[in-house]
Amino acid sequence: MISTDPLVWFGAILTLCVLSFLNKETSLYRFAEYTYISVAVGHAFVLGMNSLISQTVEPIMSGGVDVLIMFLFSLLIIAQPFKTVRWIARWPNSLSIGVGTGIAMYGAMGSDIISLVQGVIRDGFISEPGATLTGYFSIIGTTAVLVYFFFTIKRDALGGAVGHVATLGRYFMMVAFGAVFANIILSRSTLFFGRMIFLLSEWLGIV
Amino acid sequence: MKSGEIGVLEKLGDIPTKWIYLLVIIVMGIPILFPLRTPFSVKPETLAVYNIIEELPPGSVVVIEGANQYGFLVEIKECLQAVLRHLFSKDLKIVFISFSADNRMFHEIARAAVGISKDEPFNGKAYGVDWVDLGYLTGGSSALARFAANPQSVEYDSYGTPTKDLQIMQEMGKADTWGVCIEDSGSGVSNAIRQVAIPYETKMISLNTAGWYPFHIVYVKSGIIGGMTMGIRGAAEYEKLMGYVGLGHSGADMLNMTHGLILILVILGNISYFSQHFSKKEVET
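For the protein sequence lines, the chains are A and B, in the order given.
So the first sequence is residues 1 to 207, counted in this note's numbering.
So the second sequence is residues 1001 to 1285, counted in this note's numbering.
None of these hints come from the bench; they were simulated from the model.
As the structure is a computational prediction, the values presented were derived from the model and not from experiment.
Built from N, CA and C at the ideal position, the CB exists for glycine as well.
Incorrect hints may appear among the rest.
Claimed, not checked - For lysine-lysine, the following BS3-like pairs were computed, each having C-alpha atoms within a straight-line distance of at most 30 Å: (1) K1164(B) to K1118(B); (2) K1118(B) to K1090(B); (3) K1090(B) to K1125(B); (4) K24(A) to K1018(B); (5) K24(A) to K1011(B); (6) K1221(B) to K1174(B).
Claimed, not checked - Sample of chain B residues lacking proximity to chain A, with all beta carbon distances greater than 10 Å (derived): (7) G1013; (8) V1114; (9) P1121; (10) I1168.
My request is simple: use the sequences and hints to build the entire structure.
Okay, structure coming up:
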């Protein structure tokens, strides 16, 4: 049965407005786009303020001096739009960037470099025969791609061998980009599927 | 065919895109209206998610965190629902926390779809004792780092209740005591790895969107992430493991149909391209 909920109707109409883009860019599409942006900004603002109140204002009200000091320090960022005192805004920015980098660095080294290299080596030398073949493939692929991005040695060095390995690296990357593209298709078709389900199920009640 | 004349194969490349869209909509709509239940296998990465949850010792803390955007709801929601059914059928302590504004809504919608409410116990699990929603926390990576080091630093839950009044939060330790950390978005995986999995050696599961999947599969291969699901396909696989048919199954049907069509279109497009390419050469010679 077709929905009687005005919110479902509103959602369905907005969905159809967005889908009108498949034909051409229309004012209906623009209307849906601007509505989405304004609602998203409003929603994020309200939740951000709620988080600020619960994580900062309320602890200050209950006597959190350390939170108060950091809150006052963070307020210096308001100086950013004013040319003469803009330099003051660099302090909270510096602290934020410094702390952020410091926090991320340890985990990033462990996850994006050490563990990945360990994984490539482990797959190639320790696993079962079938997996070992995949492991060798990983080692060859990783090495070839690294050579592709290694610009110190000319491509015609070692009788052109460097160039050949770099070309192999490029092919590996093309395969990887293809895999990413295929997954993006998968992802986007799922998003469209979600809207189809909404229209056919929640709005029209056919399914 | 005379030289320079346009053949059928060459015309294929000039099909207006709006007809292709229409074709995709029709093909996508068929499995929704008439479920096909096409067979599919369960990937080892999805099975690993199931096994990790299955093997958790009773009373383990499970943290479900993410930084999703609302648009990707359909990609994660079905899988999260299946995982929630699994988690709430076991003796576990479940903590929800969000690092994007939309993610809080994500968790609420998935819980509501399963039938989990804070007002009455679900499968004997009561709010504040067996599960809690800590809502949205600003600060991204830094906020997650603080939460991992000291969960009690979050002073209020999603409904405004002080966390010091909630039993589950009084008992909760820092990240190295958690049974598993489930990251339920694609975009937040790096933060969870850097702030939880690596520093505390906490077991990690990722419920990924299909778009992020190829970027994060390397973390599974290197052992940082224990198990991972991929979008609606992962949902279908997890539903299969849990023994029920949900929207994930329709999603799998839709993917099979749509991808078949896209594959045919890619092949036809290439045939058309090369056919035009060679006929141009013929004209030149």
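Going down the list of hints, with the structure as the test:
Distance check on the hinted pair: K1164(B) and K1118(B) sit about 17 Å apart at the alpha-carbon level, within 30 Å; holds. Taken as a hint, the K1118(B) and K1090(B) pair is honoured in the structure, with Cα atoms around 18 Å apart against an allowance of 30 Å. Restraint check for K1090(B) and K1125(B): the C-alpha separation of about 10 Å stays at or below 30 Å, so the hint holds. Between K24(A) and K1018(B) the CA atoms are separated by roughly 9 Å; this keeps the pair inside 30 Å, and the hint holds.
Restraint check for K24(A) and K1011(B): the C-alpha separation of about 22 Å stays at or below 30 Å, so the hint holds. At most 30 Å may separate the alpha-carbon atoms for a hinted pair to count; K1221(B) and K1174(B) meet this at roughly 26 Å. G1013(B), annotated as away from the interface, keeps every beta carbon of chain A farther than 10 Å; the closest lies near 19 Å. The beta carbon of V1114(B) sits about 17 Å from the closest Cβ of chain A, which is more than 10 Å, so the claim that it is off the interface holds.
Even its closest Cβ contact with chain A, about 26 Å, leaves P1121(B) beyond 10 Å, as expected for a residue assigned away from the interface. No Cβ of chain A comes within 10 Å of the Cβ of I1168(B); the nearest lies about 18 Å off, and the non-interface call holds.
Consistency note: the structure conflicts with none of the earlier hints.
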